[in-house]
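A.B. asks: Single-letter residue listing:
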Amino acid sequence: MAAQAPDGPQQDTVRSLLAELWRDRLQPSRPGSGRETPTGRIMHGALFLTATLSAFVTIGIVLVLIFETVEFFREVPFIDFFGSTKWSALFAEKQFGVWALVWGTGMIALIGLAVAIPLGLMAAIFLSEYSPPRLRAIVKPILEILAGVPTVVFGYFALVSVSPVIRDIFGEDVGIYNALSAGIVVGLMIVPIIASLSEDAMRAVPRSLREGAYALGSTRMEVSLRVVLPAAFSGVVASIILAASRAVGETMAVTIAGGGNPQFGVNPLEAVQTMTAMIVQLSLGDTPTTSIEFKVLFAVAMTLFVLTLAMNIVAQWVSRRFREEYE
Amino acid sequence: MARNFFTLMRSSAPAATDVPGATRSERATPPPPNMNDDAPVGVHLDPSLDAVRHEITEPVDMALQLRNVSAFYGTFQAIDRMTMPIPQNRVTALIGPSGCGKSTLLRCCNRMNDLIPGARMDGEIEFEGRNLLDPNIDAVEVRRRIGMVFQKPNPFPKSIYENVAFGARINGYSGDMDRLVEDALRRAALWDEVKDELDKSGLALSGGQQQRLCIARAIAVEPEIILMDEPASALDPVATLKIEDLMRELAEHYTIVVVTHNMQQAGRVSDYTAFLLAGEERVGRLVEFGPTQEIFTNPLDQRTEDYITGRYG
Numbered sequence: 001m002a003a004q005a006p007d008g009p010q011q012d013t014v015r016s017l018l019a020e021l022w023r024d025r026l027q028p029s030r031p032g033s034g035r036e037t038p039t040g041r042i043m044h045g046a047l048f049l050t051a052t053l054s055a056f057v058t059i060g061i062v063l064v065l066i067f068e069t070v071e072f073f074r075e076v077p078f079i080d081f082f083g084s085t086k087w088s089a090l091f092a093e094k095q096f097g098v099w100a101l102v103w104g105t106g107m108i109a110l111i112g113l114a115v116a117i118p119l120g121l122m123a124a125i126f127l128s129e130y131s132p133p134r135l136r137a138i139v140k141p142i143l144e145i146l147a148g149v150p151t152v153v154f155g156y157f158a159l160v161s162v163s164p165v166i167r168d169i170f171g172e173d174v175g176i177y178n179a180l181s182a183g184i185v186v187g188l189m190i191v192p193i194i195a196s197l198s199e200d201a202m203r204a205v206p207r208s209l210r211e212g213a214y215a216l217g218s219t220r221m222e223v224s225l226r227v228v229l230p231a232a233f234s235g236v237v238a239s240i241i242l243a244a245s246r247a248v249g250e251t252m253a254v255t256i257a258g259g260g261n262p263q264f265g266v267n268p269l270e271a272v273q274t275m276t277a278m279i280v281q282l283s284l285g286d287t288p289t290t291s292i293e294f295k296v297l298f299a300v301a302m303t304l305f306v307l308t309l310a311m312n313i314v315a316q317w318v319s320r321r322f323r324e325e326y327e
Numbered sequence: 328m329a330r331n332f333f334t335l336m337r338s339s340a341p342a343a344t345d346v347p348g349a350t351r352s353e354r355a356t357p358p359p360p361n362m363n364d365d366a367p368v369g370v371h372l373d374p375s376l377d378a379v380r381h382e383i384t385e386p387v388d389m390a391l392q393l394r395n396v397s398a399f400y401g402t403f404q405a406i407d408r409m410t411m412p413i414p415q416n417r418v419t420a421l422i423g424p425s426g427c428g429k430s431t432l433l434r435c436c437n438r439m440n441d442l443i444p445g446a447r448m449d450g451e452i453e454f455e456g457r458n459l460l461d462p463n464i465d466a467v468e469v470r471r472r473i474g475m476v477f478q479k480p481n482p483f484p485k486s487i488y489e490n491v492a493f494g495a496r497i498n499g500y501s502g503d504m505d506r507l508v509e510d511a512l513r514r515a516a517l518w519d520e521v522k523d524e525l526d527k528s529g530l531a532l533s534g535g536q537q538q539r540l541c542i543a544r545a546i547a548v549e550p551e552i553i554l555m556d557e558p559a560s561a562l563d564p565v566a567t568l569k570i571e572d573l574m575r576e577l578a579e580h581y582t583i584v585v586v587t588h589n590m591q592q593a594g595r596v597s598d599y600t601a602f603l604l605a606g607e608e609r610v611g612r613l614v615e616f617g618p619t620q621e622i623f624t625n626p627l628d629q630r631t632e633d634y635i636t637g638r639y640g
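Residue numbers (the working numbering), protein chains in the order written: chain A, 1 to 327; chain B, 328 to 640.
One chain only, chain A, in its complex shape (with noise of 0.2 Å):
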């Protein structure tokens, strides 16, 4: 005890120094459960905010999307716009029957899919089952290249180069402006994304399903058609699904390419006007926001949004519903 005595206060002060040490290294250095410097918080801060300013942009395009359909329809029945095919918002005699704006967006995705569904499942099978890894490293990057074309590009590609050959093949009172040629080149634009992520879900296929099918004397072909495209059905339908919400959303190919001529025919080799293409033209325009041009804007861009917004919900739930568990 004597001895100890003189020690006491140095110790004292090496004790509370090694403790303060201590409490900084031991204490919680999650955000929010702790001591925070100025600049953590602040960091902090910034990174929620970042976080969530996405979804609050969001949230308010909604809401604005909201308010003004309701706006719309406070001077136009809803009758009139979901009940008819004519639409002429644009002229004297207004007409805003939303069908023709969704035929037409409808004609030129359902073009496009059946376009791109045989060229992105047959460049997924072929990456997947077929192509040697080297190959595959180079062709699918390119692939997905394609998908950073700006898409106005894709619009004058149609008008120079699609709507000729479709002149050549129907004759020339085919306009230069039609849904085929727009379709077709909308459905170029969304075959890396049925490629590229049908291409992920057949390999994510085990390899011992390929094998159980090969063992019983099954060639290539039968393997990827029989086993490994059903294994994968899930992932290649969502694929198919998200690049029909992707043709229904294209603008700018469509603007160019599709001829804005809104109308309700079967023809595909006429002009047509989809909704994000009437949307390009009302918006260009001197509309003034307090006009019903103005307002119908906003209610078809909520009919758009809807629409996407159901093929995405349906893209993930048929995805989740159809997933096959292998373990």
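No wet-lab data here; the hints were simulated from the structure.
C-beta: ideal position from N, C-alpha, C; glycine also.
Check the hints yourself; a few may be wrong.
To be verified - Examples of chain B residues lying across from chain A (beta carbon under 10 Å, computed):
| no. | residue |
| --- | --- |
| 1 | M439 |
| 2 | K479 |
| 3 | G494 |
| 4 | N498 |
| 5 | R544 |
Chain A is already provided as a structure; the job is to place chain B on it using the hints.
C.D. replies: Below, chain B alone, put in the same frame as chain A:
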């Protein structure tokens, strides 16, 4: 015991002393032999190739005759010049420690190794007078005649019915499919358990049932030979016993080759046993082949005895 002609010939073949510039140390650890297709077989005097082959005393036909079968993955040699018969309508077990080339040998027998990039096979597997390893032989056709069951059950994500019917469908079978499916499931001892739920997904079955479904799937295409790669290693003891019983029953109609890590299993189910072992350089070689009873009670090679009695890891 009776050494086969090839072995005798190799024993008397000159050692590879005529390789120019070869030093003694190089010869002590020779590069994997047969790397060149045109390298003469047997120039490397390798004592481990002197496999012991017991005489087959019963009158039995040979479903397969393996002669000097080697397999390579890229530059790695997995098995080295294995010569042994596979007796018809018998169960032949391939035993040996991990990495000795049992599965590789099995996968040579139905050309499954063709699917692995860089894999290459050498030698001869005689099946009905033809060499299975001949590149002109269609591997797809080989696999229709020689079926395979894998270590982990791998039913397709389809219904039980469609799993069994799969092989028949791709073969263009036009007979009574219901009957074929029922037959195959009965022979795989699964019919009574699943007859009321043939539309259920094969993946919904238990592990043991899945494996029997895979066996049913394999026998539905009427193969002559069924290769089984540790078919029970992922299963519990009860399911394992069922698979073993099934193997015995199937041996009445089919030739079965089974890879197993489990010595008791080899003893229980097989008529013939081949013991494989990989040396320092991890190249699998045949050590001893013969009737299971002789291999287990009277092994002629010390290494076989060590393995059987559990003195290997």
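A.B. asks: Please list, smallest to largest, the hint numbers that this structure does not respect.
C.D. replies: Going through the list in order, the structure violates no hint and respects every one.
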